[in-house]
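Asks: Fit chain B to the known structure of chain A by using the hints.
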Amino acid sequence: MTTLPDKTDRKLGLVIDLDTCVGCHACVISCKGWNTENYGAPLSDQDPYGADPTGTFLNRVHSYEVQPDQGAAQLIHFPKSCLHCEDAPCVTVCPTGASYKRTEDGIVLVNETDCIGCGLCAWACPYGAREMDLAEGVMKKCTLCVDRIYNENLPEEDREPACVRTCPAGARHFGDLGDPDSDVSQLVAERGGMDLMPEQGTKPVNKYLPPRPKDQMNTAPTQDGTATPPMLKPIAQEAKGFIGWLDKALEKL
Amino acid sequence: MSHQQPKIDTSPEVSDEVRKTTCYMCACRCGINVHMKNGKVAYIEGNRDHPVNRGVLCAKGSAGIMQHNAPSRLRAPLKRVGPRGSGEFEEISWDEALQIATGWLAPIRADHPEKLAFFTGRDQSQSFTSYWAQNFGTPNYAAHGGFCSVNMAAAGIYTMGGAFWEFGQPDWDHTKLFMIFGVAEDHDSNPIKMGIGKLKERGAKVIGVNPIRSGYNAVADEWVGITPGTDGLFILSLVHELLKSGRIDLDYLARYTNAPVLVNMDPTSSEHGLLMRDADGKTLVIDRNTGQLAPFDQPGVRPDLAASHRHAGVTHKPVMHLIAERYLDPQYAPEAVADQCGISADKIRAIATELARVAFDEEIVLDQEWTDFRGETHKVMKGRPVAFHAMRGISAHSNGFQTCRALHMLQILLGSVEVPGGFRFKPPYPKPVSAHPKPHCKVTPGKPLDGPHLGFVQGPDDLALDEEGNPARIDKAFTWDNPMSAHGLMHMVISNAHAGDPYKIDTLFMYMANMAWNSSMNTRGVIDMLTDTDENGDYVIPRIIYSDAYSSEMVAYADLILPDTTYLERHDCISLLDRPICEADAAADAIRWPVIEPDRDVRGFQSVLCELGARLNLPGFVNADGSQKYADYADYITNHERKPGIGPLAGWRTGENGLTHGRGGPNAEQLDHYIENGGFFVEHLPDAARYYKPWNTAYQDWAVNLGIFDSPQHYIFDLYVEPLRRFQLAAEGHGDRQPPDHLRDRIRETLDPLPIWYPPFEDSGTDTDEFSIHALTQRPMAMYHSWGSQNAWLRQIHGHNPLYLPTKLWDAKGFAEGDWARVTSAHGDITVPVAHMAALNENTVWTWNAIGKRKGAWALDKDAPEATKGFLLNHLIHELLPPKGDGLRWANSDPVTGQAAWFDLRVKIEKVTPPDEAQPDFAPIKSPVGEGPDHLEWKVSE
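Residue numbers (our numbering), protein chains in the order written: chain A, 1 to 253; chain B, 1 to 942.
Chain A with its partners taken away, still in its complex shape (with noise of 0.2 Å):
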């Protein structure tokens, strides 16, 4: 079994904004993209172009329906992908020390070289975060883009994941949520960001922001009563009204 360092210098990590995202799953392909052609063994996929293809990603986007008691039904889009666990049950529980955190950011990484596809790490995520490349026999999982991050080879303001770059919506944000001054850490106070599955105990690094309260327009009175909803004035009631009203207004303008 493998040791989790015992702290570590930074805790990069992604925060996700629920409330903006709109499900375009633009970065999941980013990921696959990027992630296919760069660590480790390319993201495969088997039978691409017949009745059942699956792949491997290490991202993807759940819809979720949320039925309110009172008010419409409402959709939550979902990106998932490894949270960079302080406590991650994926390193402690792997046989070979194939999966390690590492000491100055924090991200969960697999040495596919010391991977024997044993599958344990999988099973031992709450999150369903890992996948098993199928054609390489090898753990593979969302590396934080390790190798766009620290990249000397891209432009700057590209050092930051494949997802991050690509999502339209910005509703992605990539940074240290161990420093309580860095934005991402300003955000998750702002906007409540939240654990996934906290009662797991796995304290995971990335976060999530909730949706906005939906629905909130006013269209009756409040149920004490005490206030009815701004609503328009009438000025007029039929056309010829209107026009008495309209060649006032015009001489107050």
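Keep in mind the hints are simulated off the structure, nothing from the lab. Since the model is a prediction, treat every value here as computed from it, not as a measurement. Worth double-checking, as some hints may not be accurate.
[Claimed, not checked] Label-pair distances were calculated between CB atoms; the ranges are: (1) I8(B) / E199(A): 32 to 42 Å; (2) Q216(A) / G620(B): 41 to 51 Å; (3) D916(B) / K7(A): 55 to 65 Å; (4) K233(A) / E842(B): 29 to 39 Å; (5) Q216(A) / S772(B): 55 to 65 Å.
[Stated by the list, open to error] Away from chain A, derived, C-beta distances all over 10 Å, residues of chain B: (6) E201; (7) M265; (8) D297; (9) T353; (10) D763; (11) S772; (12) Q796; (13) F815.
Ideal Cβ placement from N, Cα and C applies to all residues, glycine included.
Replies: Leaving out everything else, chain B in the frame of chain A:
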């Protein structure tokens, strides 16, 4: 074991070279960085400098690598050797292919040019393909706008000189309330996501009007789950509320619209309902300074919205009076429309209140001086921070034109067009309707057509009719059936050609249009028309030439295939002459260029047209000595001049003193400059020109200088669209050009010069109690038309398309997960898998667009879910309305523009025993390219 970590290379080489071009994975035209390794495409990302996408890229764009290497790519020209539809082809050389095409087309041009119907689908080179067709001399040319969103485009141009998407955009940086109608992933993919992201970042609100709460509507703060086809009624109710409360922008209406223009109210006059004009043709208003008539644009005039004018016994009322009289009628009160729209009266009031509150109580002011067309200088730019966007959901109905008009009227009454925080045009828009060409249809054998095919009619005189009054065009565009069909009616071409109505054709020539599958209404019927034979055993449509890059369903139905390249292997220009990539603050155009050479015997379609045009001796495509004028499309892009100094690309032209932009001569190095600049050209507006563009002298001068216009084109918005009234007058019996009697009532009722709402036509031809459910499609964000299914990555996201049913229907019919349903319309039935969705209008079902595939197409396995469980709603929709017993063929189209009314569809639904496969099933077609590989590990570097 104790913690240990390996040393890894965090700075690997990313690529050998980055080549910047323009995406074509949908119609959005984003800039992309194509990373090359070992001479192959390694990775695609967004171009940060690009005006459209600023570095971001959607799923489709990033998956372009899988489109480029798709096994469905055609490999060489094909000649059909089996019956049509069999998929039996033999590969031939380009020389033979071009000889065949020339052999078919040259005699047509010499004798009857109209016997060629050339329609170009999802073509981003329409200024080029239309030029080719014009040189050929056929009147039968259009692209796919007629079955896409012509209602949106035409309503916008006729009302305010531009519409949404490529014509304009919300003021994302200033708007405080954004309201969208019928918007899924249709058009403007990344910019809308980027814009919504900006609004969310600063807490601005979004109201989504859509029967389906997915995508943008899922993140909207307020969802209005409207009943399909009733958006116009809802909008007119909002207008009713705003008028009733006087919450409209009177100053804006008086200055910048035809609300003060006087209308002839004499019902006995042949000019009844026309606008009062002076001897120069200028529309007239009453000047509040003098109380006298004055041309609308006279310096110093203060147009009066209130005063009527009586002259020679005839009353003339300002348009504003007609608006008040119509929309204050109780029929538009919230209570009167609530049930029909599926929106409570309280909610309608609340939305009207909020629109008015934000527009007028949260007015924004930019400290920027500007001068208007009457010569008045304004110290500031005042803005109404309410912006709207709409797309196919309101446009693809038979009441779509008037619904889009109603929305523009709402925007204008709020004073929120071309102002800070509102909706802004993108150059070359705004552009008054009078600055557009009119349609041309005069055929002379052996000669070019007398002008551009498509345009904007001003009245009956401009219709495309022959001397006997019959339709001049095969699609009957610009006829009494649909006078303002500015984009043609591609969806009627095959049907009309098969029926010989208005005449028979010889050759159907198409590009990028999957008419034998998802691009046609009534797919089965269209397949039968394409294969039907006459009494001699000859095909009713004698010859079909088709160009596509991929093995689409349509390929099997052509006689000659001209294989196109992928978008990474070709030249293109996204031109200011056509549909450029401009932003509200800038004019911009872009190119594609071969970032990689084809590894197959394929050619860019436009380059093929250059050679075919020369072989046919088309004047625009040969030199004086008869030799080929343009070696290929790149040569055309560089050297063609539409008029002196104006070519397909505006950047890096040759001026008198070196390089210049806009107006200038051709420059042999122009494409190199584009490549060096990242594949695009952009020229920003001066600050004083950024808003109020139709009336702003700084903008107009800038546009003239850049070559967008030859002279300033100031105009006012047409709340009242006089050309519509001219058609009504004809229907009332005025004038020489008269509609056929069977269309008089419809023209009187639907071509109203002020926005109206009427129920979708399908409602009157079907039993709405029996067919009580509305059926829609939406385009997924990660898939574009049929092109996506060949994409190994995208089809793992959208390989299945169940029919989504609302809770009420799901429960009433006792559906459970895994069930199937038979869905029946007045036209046909399909049997398909279903799924439950709660966030859905309770009388609406829907599915993803164009996921269903025919077996054998797109190099997919015959057992691919797209072919076994995937389906199209197209089978339920006919291009004609059900017969009315009058023997006439009534198109299932908008009566103003001819737009295909896809979303009028009504169905009934029953639970059935699951069949083996979705029904109807079609026999497999033989693939000209075989099937794709059974595994992929697509890494180009080792």
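Asks: All hints, please: hold or fail.
Replies: For each hint, the structure was consulted:
no., hint, in the structure
1, I8(B) / E199(A): 32 to 42 Å, "holds (33 Å)"
2, Q216(A) / G620(B): 41 to 51 Å, "violated (59 Å)"
3, D916(B) / K7(A): 55 to 65 Å, "holds (59 Å)"
4, K233(A) / E842(B): 29 to 39 Å, "holds (33 Å)"
5, Q216(A) / S772(B): 55 to 65 Å, "violated (32 Å)"
6, E201, "violated (7 Å)"
7, M265, "holds (14 Å)"
8, D297, "holds (19 Å)"
9, T353, "violated (5 Å)"
10, D763, "holds (25 Å)"
11, S772, "holds (21 Å)"
12, Q796, "violated (5 Å)"
13, F815, "holds (16 Å)"
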